[in-house]
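Peer 1: If you want the building blocks of each chain, they are given just below.
There are 2 protein chains.
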Amino acid sequence: MKESNMKTITLGMVQHHCNDDSNNNLDKSIAGIRKAAAQGANLVLLQELHNSLYFCQTESPDNFRHAESIPGPSTETFATLSAELDIVIVASLFERRSAGLYHNTAVILDGKRGIVGQYRKMHIPDDPGYYEKYYFTPGDAESAAEAFQPIDTSVGRLGVLVCWDQWFPEAARLMALAGAELLLYPTAIGWDEHDDQAEQARQQEAWLTIQRAHAIANGIPVAACNRTGVETAAGAASTSRIHFWGSSFIAGPQGEIIAQANSDEETVLVASLNLSRTEAVRQYWPYLRDRRIDAYADLLRRYRD
Amino acid sequence: MKESNMKTITLGMVQHHCNDDSNNNLDKSIAGIRKAAAQGANLVLLQELHNSLYFCQTESPDNFRHAESIPGPSTETFATLSAELDIVIVASLFERRSAGLYHNTAVILDGKRGIVGQYRKMHIPDDPGYYEKYYFTPGDAESAAEAFQPIDTSVGRLGVLVCWDQWFPEAARLMALAGAELLLYPTAIGWDEHDDQAEQARQQEAWLTIQRAHAIANGIPVAACNRTGVETAAGAASTSRIHFWGSSFIAGPQGEIIAQANSDEETVLVASLNLSRTEAVRQYWPYLRDRRIDAYADLLRRYRD
Chain A
1 MKESNMKTIT LGMVQHHCND DSNNNLDKSI AGIRKAAAQG ANLVLLQELH NSLYFCQTES
61 PDNFRHAESI PGPSTETFAT LSAELDIVIV ASLFERRSAG LYHNTAVILD GKRGIVGQYR
121 KMHIPDDPGY YEKYYFTPGD AESAAEAFQP IDTSVGRLGV LVCWDQWFPE AARLMALAGA
181 ELLLYPTAIG WDEHDDQAEQ ARQQEAWLTI QRAHAIANGI PVAACNRTGV ETAAGAASTS
241 RIHFWGSSFI AGPQGEIIAQ ANSDEETVLV ASLNLSRTEA VRQYWPYLRD RRIDAYADLL
301 RRYRD
Chain B
1 MKESNMKTIT LGMVQHHCND DSNNNLDKSI AGIRKAAAQG ANLVLLQELH NSLYFCQTES
61 PDNFRHAESI PGPSTETFAT LSAELDIVIV ASLFERRSAG LYHNTAVILD GKRGIVGQYR
121 KMHIPDDPGY YEKYYFTPGD AESAAEAFQP IDTSVGRLGV LVCWDQWFPE AARLMALAGA
181 ELLLYPTAIG WDEHDDQAEQ ARQQEAWLTI QRAHAIANGI PVAACNRTGV ETAAGAASTS
241 RIHFWGSSFI AGPQGEIIAQ ANSDEETVLV ASLNLSRTEA VRQYWPYLRD RRIDAYADLL
301 RRYRD
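Read top to bottom, the protein sequences are chains A and B. Each step along the first sequence adds one to the number in the numbering used here, with nothing skipped, and position 188 is 188. Each step along the second sequence adds one to the number in the numbering used here, with nothing skipped, and position 170 is 170.
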């Protein structure tokens, strides 16, 4: 058996409620990371934009004050913690790249190595309550070959994507083709309380289903860390509340649920993953062998009209 | 409201057990189609290679006797039935295109119009018990622009794919980008009885999950018609039995299950679908708006190494 047959990681995720006190939010993230590490996690994933309320509920120039540079205060804090605990941390920040240029960015801290990579959210949503196109410039790359690249860390090659990316099979596939050993999605998604219960259930189930499908299609584990709780962003009309549905989960390479948090509880979720199962699963289900790359060119078109 | 807001279809599927009597198998398909039509179906989907046992359990030149031309005896039978009942039928045949050139082909019959299109399976599996690469040449096209094209019928634009295709998000996406209003998968998949129950459950759930995800990713309904029953193909060792898991299902454009058959029962499944929901679902979840076609070029690579 190859050395890779022994490869396991222990993944922790910190699902929490945010409020308008950024120090309090940061404290929750840090406490969750410490708790996960104490339970053996050597990789911890945080929820999307964990330092603040989900300010994208409204469009207001005032919210750009939440942005920070990379490296900056947050990455210094998490780098210090990562080094102290000797674990990998995937944090999620509102990045100020320059005046007038901001991204929704995941940063990967790897112990003494510090920042080992970052990923700027490529697919940016924009729909009622999620006005992200106002705040975030989509991730860019020198060329398509440089886009959707996983990040090498001491625990493995991580396919880090962010929230809305989770609805696009293309992003998952590109990460897998570049050797990602698992997919990680910092997330902020919830219910519009105006939708009826059946619609809410369909949405949550769809969210879970499509991400499990990325695991299946690519033979690698998938994990998403979502925020929980009801939020009304500063300045938002009371009608624009989002009930974040939590339900952070870890799925194995056949899409099977390994661990999942509840909708409404702050949770530190920890589970071990045997990354070497990918080899066996892909031998059973050899999709990479059979992709019809000769016939996929129109995937690069907006519409086939 | 636009006219399309009124568009509904009633889809029937015929899930049955096959044996080595092809007339008997054909009779079951025909009886099932009549039953579905009597229940209001104006579109009926048959399971993969419904005329015979799943002969791909073994590699034997003798099995090429099952192949037939298109048009040929089967399409004549189904065309007559389609015209009589004034419904669309999606049949699945072992096609003899020429000496030494065979395909796994779905044929679409549309009432008095006869054959309105066909789809030659693009992704061909090959693993223990499913030796399809021996029998079937993968579907070809003049160019990638001609591949994965849906077929216009009197009930709508049908994205017809076949079995192993169901594991590839690329195929589903290309059909959707070409305007497919729903995806249909004639299927033959089952359990290897040597696998333990947990593995069997994971496989069946993965099969369901990834197809529901195609519905979600593209905002269109998805249906798969699978065979049921245990089969030992002629000439196959008794150890190579497949327990086909049935479970034929119809999912709506959010991936929600609308109807599903049991694993082990012959079933005529009938359900109505409102195709116009796609417009509303895609306005809620506008993935087509946000695809990063500028960054997807490497989807055309075998591996990003």
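Mixed in with the good hints, there may be bad ones.
Copies of the same chain look alike in the list, so a pair counts if it works inside one copy or between any two.
EDC-like, lysine to aspartate or glutamate: derived pairs with alpha carbons at most 20 Å apart [what the hints assert, rightly or not]:
no.: 1; residue 1: K133; residue 2: D294
no.: 2; residue 1: K35; residue 2: D62
no.: 3; residue 1: K35; residue 2: E142
no.: 4; residue 1: K35; residue 2: E256
no.: 5; residue 1: K35; residue 2: E279
no.: 6; residue 1: K133; residue 2: D290
no.: 7; residue 1: K133; residue 2: D62
no.: 8; residue 1: K35; residue 2: D20
no.: 9; residue 1: K112; residue 2: D86
no.: 10; residue 1: K35; residue 2: D290
no.: 11; residue 1: K7; residue 2: D127
no.: 12; residue 1: K7; residue 2: E256
no.: 13; residue 1: K112; residue 2: D192
Hints in this document: simulated from the structure, not taken from any laboratory.
Peer 1: Next step is simple, just say for each hint if it's right about the structure.
Peer 2: Comparing the hints with the structure gives:
1. When the C-alpha separation of K133 and D294 is checked against a cutoff of 20 Å, the pair qualifies only between copies, where the shortest distance is 17 Å, while the shortest distance within a copy is 34 Å.
2. In this assembly of identical chains, the alpha carbons of K35 and D62 never lie at most 20 Å apart, being 34 Å within a copy and 64 Å across copies at closest.
3. In this assembly of identical chains, the alpha carbons of K35 and E142 never lie at most 20 Å apart, being 39 Å within a copy and 58 Å across copies at closest.
4. With identical chains, the CA atoms of K35 and E256 are never at most 20 Å apart, being 25 Å at best within one copy and 37 Å at best between copies.
5. Proximity of K35 to E279 under the C-alpha cut-off of 20 Å is found in neither arrangement, the shortest distances being 31 Å within a copy and 45 Å between copies.
6. With identical chains, the CA atoms of K133 and D290 are at most 20 Å apart between copies only, with a shortest distance of 11 Å across copies and 37 Å within one.
7. For a Cα distance limit of 20 Å, the shortest separation of K133 from D62 inside one copy, 16 Å, qualifies, whereas the shortest one across copies, 60 Å, does not.
8. When the C-alpha separation of K35 and D20 is checked against a cutoff of 20 Å, the pair qualifies neither within a copy, at 23 Å, nor between copies, at 61 Å.
9. Taking CA atoms no more than 20 Å apart as the test, K112 paired with D86 passes inside one copy only; the shortest distance there is 7 Å, against 71 Å between copies.
10. In this homomeric assembly, K35 and D290 never come within 20 Å of each other (Cα to Cα): the closest approach is 43 Å inside a single copy and 37 Å across copies.
11. In this assembly of identical chains, the alpha carbons of K7 and D127 never lie at most 20 Å apart, being 41 Å within a copy and 26 Å across copies at closest.
12. In the homo-oligomer, the alpha carbons of K7 and E256 lie at most 20 Å apart inside one protomer (19 Å), although the nearest pairing across protomers, at 36 Å, exceeds that limit.
13. For the identical chains of this complex, K112 and D192 are neighbours neither inside a copy (42 Å) nor across copies (48 Å), given an alpha-carbon limit of 20 Å.
In terms of the numbered hints stated before, the structure departs from hints 2, 3, 4, 5, 8, 10, 11 and 13, listed from lowest to highest.
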